[in-house]
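For the sequence shown, the positions run 1 to 42 when this note's numbering is used.
Among these hints, one or two may not hold up.
[As the list claims (entries may be wrong)] 25 Å max Cα-Cα, derived SDA-like pairs, lysine to any residue:
| no. | residue 1 | residue 2 |
| --- | --- | --- |
| 1 | 7 | 26 |
| 2 | 5 | 16 |
| 3 | 38 | 18 |
| 4 | 4 | 18 |
| 5 | 5 | 24 |
| 6 | 38 | 19 |
| 7 | 5 | 15 |
| 8 | 7 | 22 |
| 9 | 5 | 19 |
Note that these hints are calculated values from the structure, not bench results.
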Amino acid sequence: LLLKKIKYCDRIHLIYVFIYFVNFSSFVITIVIRLNLKTFAT
């Protein structure tokens with residue numbers, strides 16, 4: 001039972017990490033695009 005619980009929590013944790021990673025990468029991409037637009041504008 002304990003092992004099942006741990007696996008279930010691990011799955012939820014992995015989902016949270018995945019969501020966090022996706023949000024972080026999209027954030028980084030928007031920053032990079034903004035920097036590129038600034039360099040192109042000047």
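Going down the list of hints, with the structure as the test:
Note on residue 7 and residue 26: the hinted pairing is violated, with a Cα-Cα distance of about 29 Å set against a maximum of 25 Å. The hinted pair formed by residue 5 and residue 16 meets the criterion: a straight-line CA distance of about 17 Å does not exceed 25 Å. At roughly 30 Å between alpha-carbon atoms, residue 38 and residue 18 are farther apart than 25 Å, so this suggested pair is violated. For the hint linking residue 4 to residue 18, the alpha-carbon distance of about 21 Å falls within 25 Å, and the restraint holds.
A threshold of 25 Å between alpha carbons decides the hint, and for residue 5 with residue 24 the separation of about 28 Å lies outside it, so the pair is violated. For the given pair, residue 38 sits about 29 Å from residue 19 by alpha-carbon distance, which is inconsistent with the 25 Å threshold. Distance hint between residue 5 and residue 15 is fulfilled; the C-alpha atoms sit about 16 Å from each other, no more than 25 Å. At roughly 22 Å between alpha-carbon atoms, residue 7 and residue 22 fall within 25 Å of each other, so this suggested pair holds.
As the CA atoms of residue 5 and residue 19 are separated by approximately 21 Å, the hinted pair is consistent with the 25 Å bound.
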